[in-house]
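Chemist: As given, the protein sequences belong to chains W and G, one line each in that order. Numbering-wise (the working numbering), the first sequence opens with residue 1 and increments by one. Numbering-wise (the working numbering), the second sequence opens with residue 1001 and increments by one.
Because the hints were derived from the structure by calculation, they are not lab data. We put the beta carbon where it would ideally sit given N, CA and C, even for glycine. A portion of the hints provided could be inaccurate.
[What the hints assert, rightly or not] Only pairs whose alpha carbons sit at most 20 Å apart, straight line, appear in this in silico SDA-like list of lysine to any residue:
#1 W:K60 to G:L1132
#2 G:K1214 to W:P358
#3 W:K214 to G:P1160
#4 G:K1060 to W:T58
#5 W:K389 to G:G1294
#6 G:K1268 to W:W133
#7 G:K1034 to W:T21
#8 W:K389 to G:P1160
#9 G:K1214 to W:K389
#10 G:K1034 to G:P1168
#11 W:K389 to G:L1132
[As the list claims (entries may be wrong)] Which chain W residues face chain G? A few, computed with CB under 7 Å, are given here:
#12 E14
#13 R26
#14 Y41
#15 P154
#16 T208
#17 Y212
#18 G282
#19 K287
#20 V304
#21 N308
#22 A310
Next come the chains, spelled out residue by residue.
2 protein chains.
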Amino acid sequence: MRAYNTEIISVGTELLLGHITNTDARDISEMLSKIGINVKYHTVVGDNPERLRACVQTAKGRADIIITTGGLGPTCDDLTKQVLAEAFGLPLVRNEDEVRGLYDYIRNRRVFTQNNFSQAMLPEGCTVFHNLWGTAPGCAFTAEGKTVIMMPGPPVECVPMFRAYGIPYLRALSDEEIVSHSVRIFGIGESTVDDMFADEMNSMVNPTMAPYAKECDCLLQITAKAASEAEAEAMMAPVISHVRERLGDYVYGMDVECLEEAVFPLLKERGLTFAAAESCTGGEIAKRMTDIPGASAVFVGGAVVYTNEAKARLLDLDPDMIEEKGAVSFEVAKALAERVREKTGADIGIGVTGLAGPDGDGVHEVGTVYVSMAVEGRTFVRSLSLGPKRTRSFIRRMSGNHAYDMMRRWLTGLEVELRP
Amino acid sequence: MRAYNTEIISVGTELLLGHITNTDARDISEMLSKIGINVKYHTVVGDNPERLRACVQTAKGRADIIITTGGLGPTCDDLTKQVLAEAFGLPLVRNEDEVRGLYDYIRNRRVFTQNNFSQAMLPEGCTVFHNLWGTAPGCAFTAEGKTVIMMPGPPVECVPMFRAYGIPYLRALSDEEIVSHSVRIFGIGESTVDDMFADEMNSMVNPTMAPYAKECDCLLQITAKAASEAEAEAMMAPVISHVRERLGDYVYGMDVECLEEAVFPLLKERGLTFAAAESCTGGEIAKRMTDIPGASAVFVGGAVVYTNEAKARLLDLDPDMIEEKGAVSFEVAKALAERVREKTGADIGIGVTGLAGPDGDGVHEVGTVYVSMAVEGRTFVRSLSLGPKRTRSFIRRMSGNHAYDMMRRWLTGLEVELRP
């Protein structure tokens, strides 16, 4: 089986200055791993022809497939096509289809500017990838035994274009399948997971297994290579069973990205809905569920009650109770979940109140959060101490994870409270 | 002035498989650019000693400072310290302070596992960076004329550690300051901005200016290098005035990351508050404002009214009106802003209703969104066609940007409606 080693070269000084994150390399890598193409290197280089030229030479020496992102657009510092074409001895020629396409695209949009035309200059003999999401076309060619693919930099163009054109172009090259599954874990840390499976992992060759820490949870990634997908799946099945058995109810899902993605189908299958009343998470829980297309089947809505007044006005919480117990309290959390459930008619009510920091309230430590879940006849409250050294973003995300974990556990008949 | 060229090498197969994004390289690059250190390359390589060794050799040939992220933790596939120490001929020695530190850290936390101890093996003579945010220490050393800094991979550890230890360690090396300002623009595209300033940008050397496209807005970055910060600022001042004058009210802020960051101080200075009633944005607007510490001074809260029932129950919208006009309508948007304003007592009410896709409602095109703003005595509604080819994420974020842009314009006395 021939492995096609791939290098992704992302071109852009804005990446080196830290103005933007290289999500293109991540998204392309993810798509490639699913079709059995190994990414061996990501390289980021600035808008500098000399350094890009050197990086392309290095890539020619260690990769079979070179994918570039960035530097195809209409701004003056574009250079990727020139350097790549030159590196493989190809002239750039004006593509008349693309010139017409550019006219069509902008007819009903913003003003067309002269520098848009440089986008239509492409390496001779290349396959042109017409850009339906922007103006700069991508392209691909094979020369000197290497395959080169060039994609525009903006993620809203790069990602759908790579999916539409890059993947089909490359799929024919691969003669092995890599299949990978992730076992997602919430409630114990990566270090503990690693220790549980360290001996096994060290002796595994194919499939392989590795633990990864995410911001607020962790996962075990199991990967097999085989001639066919079915063969790879058969190789992994016993490993997955074993891992799931040992981890028990800390496993919240397979091949999902986050807890809400695991909770969504659980609610949907059961025809149940939830609503959320969020104080310190400020819309985090709602935003995360509504990131999922079709969320309206399970998510009714909710209230962001960032101030005490909003808690009273939107959810009719008793101002005296808030005053007496404090906004960050077991009682307020409980009332938020119960009131939002009643008020919206949802089957499950979620409440969150706490201190996400960086400033404290003089009473509680930053990271003190109460997460609650009200269901018919019962309300659960988790009292969390997420730690004063954690970031605001971590505290908010982790609080959301606890809310989703409580729903997951209740929906699947598990104990809602985490074992200490 | 000596320039210290820097390469960031991020180690982790999970990066090459696209499981995670290399935010560490972005965050470190941003911190370095602020102290005048040029990042010339980012490299990502897997958990493979041979390939990492080759990357380190390449970096030794083209960089003065090598910064690694990842591969210091307790999992079995850690290898960064071994490879880097070997590349510079240093043995790894057990650091007793770190061994004690590891015991302290975990005493009240999760179970301590044997493989945690490998973390305390560090290159002989290095400066140890004790990890207050996790367990794996970082370190730095200078050898063969190169400076090497190693950081753990998880962003919640890497970023605060680099700020606390890496930046002070490196600051002494730099003898020039790079100062950079960004002019943030909403309402016209990067291509138009580029065309406006192309000739000037081409002839600029120091300061430089370059346009960048973000997901839902764009910016002009102006950067100067000088012996002192004051000198760099003086060099940029006339350029910034000129740019601001030409772009007019499309400029929403300087050195801010997003529209909400520009709106927050405008509200705060005026002692005004807002509330949001979100349908298709599902908490996006609330989440974005509450990402900002201290948001409670300006953001009262709001309602996520994802279903028609929630619109009626939480905000008392007339179900007959929703039925008659349709959930995605000018009238519902208007009512959402007005009702959430009344209900919460906020000074400004924001409403959003629309179709974020991917599925349509059989009536409107995906990307049809109404964004509204109610203030004392008046309600504004923007009717948007964001395009059916746009992602759900883009449509939601862009809708949020319009809401914040409407507030910005109203708060600064500009026309709320965008010129066509």
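Chemist: Which of the listed hints are not met by the structure?
Modeler: 1, 2, 6, 9, 16 and 21
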